[in-house]
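Below, each chain spelled out in residue letters.
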Amino acid sequence: MDVDLRNVRPYGDTMGDGAVQMSFTLPIPQGSVAREAARQLVLSMGFTDAQVVHDEDIGEGFTFFVVYGKTAASVDSTKIIPTEPEFEVWEREECNRRIQEYFGRPLVVVGACIGEDAHTVGIDAIMNMKGYHGHYGLERYSMIEAHNLGAQIPPEELLERARELGADAILVSQVVTQRDSHVLNLTRMIELVEAAGIRDRVVMVAGGPRIDNALAQELGYDVGFGKESYAEHVASFIIQELHRRMDDGRWTP
Amino acid sequence: MDVDLRNVRPYGDTMGDGAVQMSFTLPIPQGSVAREAARQLVLSMGFTDAQVVHDEDIGEGFTFFVVYGKTAASVDSTKIIPTEPEFEVWEREECNRRIQEYFGRPLVVVGACIGEDAHTVGIDAIMNMKGYHGHYGLERYSMIEAHNLGAQIPPEELLERARELGADAILVSQVVTQRDSHVLNLTRMIELVEAAGIRDRVVMVAGGPRIDNALAQELGYDVGFGKESYAEHVASFIIQELHRRMDDGRWTP
Amino acid sequence: MIRLGLDQEQIARLRKLAKEIVHGVAPIIKRNTTVSVERAIVRLMGLDGIDNDGVPLPNVVVEAVRPRLGDGVARHVAAAMLSTGMDINQLGTAVANREVDILSFPEPPEDELEDFWTEQTSFTMERIAERVKERNEYMKEYPPGPQPWKYVIVATGNIYEDVTQARAPALKGADIIAVIRSTGQSLLDFVPYGATTEGFGGTYATQENFRIMRRALDEVMKETGRYIRLVNYASGLCMPEIVVMGAFERLDMMLNDSMYGILFRDINPVRTFIDQFFSRMIDAVADIIINTGEDNYLTTSDAVEAAHTVLASDLINEAFGLAAGLKPQHLGLGHAFEMNPDIEDGFLMELAQALMLREIFPDHPLKYMPPTKHMTGNVFKGYIMNALFNLVGVWSHQGIQLLGMLTEALHTPYLHDRFLALQNAGYVFNNARHISDAFLVNPDGPIMDRVRTVMDDTEEFLKKVNDSGLLDAISNGWFADISRSPEGGKGLDGVSEKSPAYINPYIRSFAAYLGREEELEKWM
Amino acid sequence: MIRLGLDQEQIARLRKLAKEIVHGVAPIIKRNTTVSVERAIVRLMGLDGIDNDGVPLPNVVVEAVRPRLGDGVARHVAAAMLSTGMDINQLGTAVANREVDILSFPEPPEDELEDFWTEQTSFTMERIAERVKERNEYMKEYPPGPQPWKYVIVATGNIYEDVTQARAPALKGADIIAVIRSTGQSLLDFVPYGATTEGFGGTYATQENFRIMRRALDEVMKETGRYIRLVNYASGLCMPEIVVMGAFERLDMMLNDSMYGILFRDINPVRTFIDQFFSRMIDAVADIIINTGEDNYLTTSDAVEAAHTVLASDLINEAFGLAAGLKPQHLGLGHAFEMNPDIEDGFLMELAQALMLREIFPDHPLKYMPPTKHMTGNVFKGYIMNALFNLVGVWSHQGIQLLGMLTEALHTPYLHDRFLALQNAGYVFNNARHISDAFLVNPDGPIMDRVRTVMDDTEEFLKKVNDSGLLDAISNGWFADISRSPEGGKGLDGVSEKSPAYINPYIRSFAAYLGREEELEKWM
Ligand code: B12
Ligand code: B12
Ligand SMILES: Cc1ncc(COP(=O)(O)O)c(C=O)c1O
Ligand SMILES: Cc1ncc(COP(=O)(O)O)c(C=O)c1O
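Residue numbers (the working numbering), protein chains in the order written: chain A, 1 to 253; chain B, 1 to 253; chain C, 1 to 524; chain D, 1 to 524.
One chain only, chain A, in its complex shape:
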């Protein structure tokens, strides 16, 4: 297979053909105008070819489309800098060993799903004993003292508990994203932490299925974890981040 890595394009059945499937709804009634509108819309996105292969009235003057097109767009994959966090992933035992070695005491981690968001399964997956998909949670790490506050926790309460417990890291889960409620909540949380003057003392970790590292960092967190992240990722990151800070003299155990 001969791939031009500087010029990567979607592949259907010929290298570089740019084949893309799309579906969407337009708020105009089914018919020839709607079909042509759909076609022009896709062409205006830089497609060289747009086949409206299906259009269907879905009620109330809306039309659903399936379109196959060939895009002229390409990406230079040699220039891509992944926005996902870079760190080494250590197994649980390795994490425990490193904490002992670097810090000489257990790390305190406090987590919650904040705001009105009631989804606990994600934060439980990271923190609870039993973990998720065969990956044990932080509670099972002998060198981590994990406190999972559960869901629907106001940011204020999470901050207060974190201070009480002397947290080294705060884990914030957000699952509901409608109307950007996750952004509002995550921002509120980080503002509180900063206002409390403890930002340097804690590693701030955001997580959830629609969270990514880029967004989390943009909002002021140290890292963001999306779907398919497990306790060992979180633990490894926290250890490495604190170790970095220690090296820089920004943090002491």
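Some clues are possibly wrong.
[Claimed, not checked] When the alpha-carbon atoms are kept at most 30 Å apart in a straight line, the in silico BS3-like pairs for lysine-lysine are as follows:
id, chain 1, residue 1, chain 2, residue 2
1, A, LYS79, B, LYS79
2, B, LYS70, C, LYS464
3, D, LYS463, D, LYS490
4, A, LYS70, D, LYS373
5, C, LYS373, B, LYS70
6, D, LYS463, B, LYS130
7, C, LYS373, A, LYS130
8, C, LYS463, A, LYS130
9, D, LYS373, B, LYS227
10, D, LYS140, B, LYS130
11, A, LYS130, C, LYS464
12, B, LYS79, A, LYS70
13, B, LYS70, A, LYS227
14, D, LYS30, D, LYS373
15, D, LYS172, A, LYS70
16, D, LYS19, D, LYS522
17, C, LYS373, D, LYS172
18, B, LYS130, D, LYS19
19, B, LYS130, D, LYS373
20, C, LYS373, A, LYS227
21, C, LYS172, B, LYS227
22, C, LYS172, D, LYS373
23, D, LYS19, D, LYS498
24, A, LYS70, B, LYS70
25, A, LYS70, B, LYS227
26, D, LYS30, D, LYS327
27, C, LYS490, A, LYS130
28, C, LYS172, C, LYS222
29, A, LYS227, D, LYS172
None of these hints come from the bench; they were simulated from the model.
Please arrange chains B, C and D with the ligands on chain A, whose structure you already have, making use of the hints.
Relative to chain A, chains B, C and D with the ligands alone:
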């Protein structure tokens, strides 16, 4: 529902949100680089938001993606000129009546699926007695003399038979489109008709599931019919086209 | 119709256990009342509206009575109304404006009180009866579609956008529209007021929103000739009040579980048990089908291992519901297609369980939830998981089929997600319409193996719950792997012990209407 | 395994009718030979390559013999080789260069000829046997996946692109890779030569392309530990030659129908009947599974109405195949899931037919085609139609499951279309693995109603075909609503009546190898 018809955008759950679903494959191995490449690719098509919601290794270093995005593109639906043919659709009996009235003799229509294309069902749907989806075919029109040559007919043969039979219209079906074989065949056919000097004497009709009027006209046909066309469309169009030509003095029955 | 030939004696044993379990909490329900029950009472009397700070008048009045809530708000309201000659809304406004001290009125004479309540309750009963009659007439003129009823949700946060999102699927075959509530609402100890446009992940349940959507669906009904059922969510701190609103606005179904709020919203168990009981009496009078939330158990527990907790909870919800006067045809007991799609023969286990529930609850419009937990961003895979779910639905004659959305893992449904869901269900239901007539269950095959396992596990589980009592079972984390103690959770401060003077005038009239005076005596 | 309890006597009657029908065309097969049979003979002898104009040497040689084709090419080739001492390839080149006149050599003495043919045929038989042995050894070391085998096609037109498109699905669970041919190939009266990169809607079937793909799949086999079967298309004007190529390059399956070319490619019926018979003898020797094309009938006829023509044709293909020495395990008889998805209970009818075929053909690796005709641009709908198709596949234990592509109505498959198809089948097969153990068929239900209708219609139809004779039945348009006359169609000029001198030395050795001397005597 409040739609800005000059500014029509895809609709997910809020007017104007621009929500689009996409799927495609990139020829790079699954991982964070591929995910970011997919995201950037979609952003480069004018999307303001691109969520790579699924990525999966599909073998041989290829990665399949599902992406949901919000496009900034819109179309002015008041300016859309449908490329579909404009004509009145008459019922069979009306067609027969008009032919009698306008031309005073039956029209001769010759059709085939040309080249190596062996798909007969489409041309049969238009021409054969029994028709398709409850729409009788041209053979059932008392004022149409329909000759269906079937499939895999060389363009040369179709032309020859059309001349022998004194065709008023030639119907050309093309179903297979891989590597633009339909374009090659349709072009070959129209070139032969023109070279034979009979272009003005016959209505040239192209059809097939991936054919549209715009393409057909571009290739020099009078009209193109895609999926869900029936005999009455074809008959009505032919009658109206010949009537126009008669009015212009370009054609006599 | 396929028959598994279940052991009827075992079923009877299961029902008996469930009945004993729920009767275990009857005394605690009878002993106490809650702010939400009391607010529901004034709503039943017709109180509505908000004060100048936006606080709903039912809250204003009940807050005013709070120091003597054990007497019941009814007693004080009656005294005030009889003394002042105000109607309930005038009284509410006067209380809000601090023009009257509601606790200051003398106890009226017994016979005057008797007449007062006869008048009040019959006003209420008539108001509800009118809605019931209206529904029955519409249903006759515009017969609803056959089961499984295709149920879709709308959840834009904006009631007007919701109307568009509801009308479109209703035109395209949906039988039921559910308006999902904003994420925060179930923990609010009041019901928001008026038309709303700013919810997160759902739209506030308000009486005005109910009215707007009801009107929209009645229009579609007239366009399509098909009655479209409307659903909203009652669970939460205001359960009985929302049911009152639903009864008044002709909602057809309400999410109204006896334990969901406890487990999934951390609402105090005692508060919830009381609230659910009274709210279900209102459902019964208003001929509203309830939906229960057993599907949720399988989002926190494993669907293979926890199947018996679903059946156990269905039986408990049934027992509570029957006690409150609901009939089997009102009991939309929940279950779900939530097994990991990678399991070998997972489809057979799902089918087994659905057939089992159908046979155990033959007259109940079972509510069947689609795959949610194991849905991913692979919308194609998700779409076929939903197809198999739909096949189980039509095969096992589910009553209420919540249509799976291919974007379940991504966002609240887009307009075309719902359309595709309807197309999926429409295709599968029609294409396999009589599948249950086509096959008999192999008595020695995998279906029966699964059924026996689940039923036996359920029996054992119910025994255990009965032995420890329901409150302890919950606090042991036996449902949904979640533990809640009777002394914890939200809304406990809204629970008050009844004083000897306590009255709730509606109990009597509901009981009479439902013909269940004796049974209800034990509960309220 | 589910049992319908079909009427075994009726099945026997159906088989008897089919046997009579095919024996009706035996004399015409025996009386004639074709250019493609003759070219296959020189290929079996080892002739390969092209002349300076690109014409394949088998065509060159057979053209040279054309005036006396009735004697069989073998007779003249043997004379030339024995006279000149050339081997077959030297001879072919010499003929191409007009260095020899192949018709000019004296008839060699009988015993010399005898030895010559013994040597030639045993060379061929060994060459094929080696491939068979190789396959068996590989299959032992790298056992193929369980049935239903997941079959996907590649069709880029470019053999190297095809390799990529084949390797990826093979790594992701495909059991069988079919390389579709370019649209025009079946009407070419020669087999293209060498590696090719320019097909339309498919890739030319050439021996070199076979080799390239075989090598690629053997590599995947070693990577995954699973033998991957390779399929190509033999139907068309060169049917027997392509089977020879397949036998030499260890293809595992060949599309090799007795009537497909007649009906769908307008190839002369006599030509086709002769070609299919000889090619199937080669399949039998090479242990190649054939696939038949009954699915195609339902693309031109209605799937509900024409179901009996599928069964009838399966029985005819079986009868021809058994006569040619194939065993049931070589008969990948075709059928399809092609009903309009809008039909009520269409799924049940499809399932009924699939179960019926399974029981009538218990040892045959039935080849099951996915929905094609009713697929549309709605890829989501198409994807769930494919899911129900897959469910029927696992339920009725199909042998060869051609995976449906969600883009069937649009284009030859994209890489991810195939992946999604594998994911669909993988999910459904696994999730409903033992469904056939879970249910019994209701003897009074819709499944049995459908089965009885189809079987009765088939019996009537076969009687009618038998009465009129197969050639007349075809010319009456009874199959696939397509009429073809024995005097029409392509390739008729390639049919020659055998002279008394005719020899085809392979008949004897194949017959001996297959232990069917007596039966084959009637046919070739
Ligand atoms: C289970 C579930 C529920 C359960 C929750 C039970 C519970 N105790 O958690 C119940 C039924 C109660 C529920 C209710 C609602 N839900 Co819900 N729910 C889901 C569902 C089906 C699965 C979520 C889940 O458990 N996934 C499994 C876990 C393990 O995955 P995860 O959360 O992604 O976590 C992983 C990573 O993201 C990461 N992670 C997550 N958090 C964190 C935190 C840190 C620090 C780190 C490092 C990592 C991390 O690690 C985890 C393991 O890999 C999803 C749909 C879906 N399939 O995803 C909808 C979904 C999340 N729910 C949704 C909604 C809207 C609701 C409601 C608001 C609906 C309503 N209006 O009633 C309610 C109200 C909830 C509320 N107030 O928040 C939407 C959210 C839409 C959006 N993007 O905004 C979804 C997507 C469904 C949908 N399509 O509408 N829900
Ligand atoms: C049936 C079928 C066949 C049958 C054909 C039988 C026959 N006698 O026609 C068989 C099995 C033989 C066949 C073979 C092949 N097929 Co085919 N086949 C199909 C299938 C499943 C349905 C086509 C059909 O009959 N549709 C129903 C008719 C009524 O619709 P229609 O043709 O669109 O016609 C309507 C309109 O388009 C219009 N119309 C059509 N023609 C005309 C002409 C005029 C003048 C007018 C006015 C209107 C008009 O009116 C009709 C009625 O509304 C499609 C997939 C699909 N679902 O569409 C693949 C498909 C068309 N086939 C395809 C291919 C590649 C092949 C093969 C080349 C594969 C191979 N390499 O072996 C072969 C070879 C055929 C060849 N040499 O051309 C591809 C084409 C891909 C592409 N776009 O290039 C498709 C899309 C399948 C796929 N995804 O790969 N096929
Ligand atoms: C029984 C029941 N009630 C209520 C809800 C929704 O509750 P809330 O509005 O608290 O999110 C659900 C959710 O699925 C439910 O199952
Ligand atoms: C039996 C059989 N042979 C051959 C083919 C393909 O033939 P061709 O290469 O002529 O298109 C098919 C197509 O589906 C078939 O069913």
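Consistency of the hints with the structure:
1. A:LYS79 / B:LYS79: Distance ~40 Å between A:LYS79 and B:LYS79 Cα, so the pair is violated.
2. B:LYS70 / C:LYS464: Distance of about 52 Å is beyond 30 Å: violated.
3. D:LYS463 / D:LYS490: Holds. D:LYS463 to D:LYS490 sits at ~29 Å (cutoff 30 Å).
4. A:LYS70 / D:LYS373: Distance ~25 Å between A:LYS70 and D:LYS373 Cα, so the pair holds.
5. C:LYS373 / B:LYS70: holds (25 Å)
6. D:LYS463 / B:LYS130: With a Cα-Cα distance of about 27 Å, the restraint between D:LYS463 and B:LYS130 holds, given a limit of 30 Å.
7. C:LYS373 / A:LYS130: The hint holds at about 18 Å.
8. C:LYS463 / A:LYS130: holds (27 Å)
9. D:LYS373 / B:LYS227: holds (13 Å)
10. D:LYS140 / B:LYS130: With Cα atoms ~54 Å apart, D:LYS140 and B:LYS130 exceed 30 Å; violated.
11. A:LYS130 / C:LYS464: This hinted pair holds, its Cα atoms lying about 24 Å apart.
12. B:LYS79 / A:LYS70: Satisfied, since the Cα-Cα distance of roughly 24 Å is no more than 30 Å.
13. B:LYS70 / A:LYS227: The hint holds at about 21 Å.
14. D:LYS30 / D:LYS373: violated (38 Å)
15. D:LYS172 / A:LYS70: Distance ~26 Å between D:LYS172 and A:LYS70 Cα, so the pair holds.
16. D:LYS19 / D:LYS522: Given pair D:LYS19, D:LYS522 holds - Cα atoms ~13 Å apart, limit 30 Å.
17. C:LYS373 / D:LYS172: holds (25 Å)
18. B:LYS130 / D:LYS19: Answer violated: B:LYS130 to D:LYS19 is near 34 Å, above 30 Å.
19. B:LYS130 / D:LYS373: holds (18 Å)
20. C:LYS373 / A:LYS227: Given pair C:LYS373, A:LYS227 holds - Cα atoms ~13 Å apart, limit 30 Å.
21. C:LYS172 / B:LYS227: holds (23 Å)
22. C:LYS172 / D:LYS373: holds (25 Å)
23. D:LYS19 / D:LYS498: holds (25 Å)
24. A:LYS70 / B:LYS70: Holds - the C-alpha atoms of B:LYS70 and A:LYS70 are around 19 Å apart, at most 30 Å.
25. A:LYS70 / B:LYS227: Roughly 21 Å between the alpha carbons, so the hint for A:LYS70 and B:LYS227 holds.
26. D:LYS30 / D:LYS327: holds (22 Å)
27. C:LYS490 / A:LYS130: This hinted pair holds, its Cα atoms lying about 27 Å apart.
28. C:LYS172 / C:LYS222: With Cα atoms ~14 Å apart, C:LYS172 and C:LYS222 stay inside 30 Å; holds.
29. A:LYS227 / D:LYS172: Roughly 23 Å between the alpha carbons, so the hint for A:LYS227 and D:LYS172 holds.
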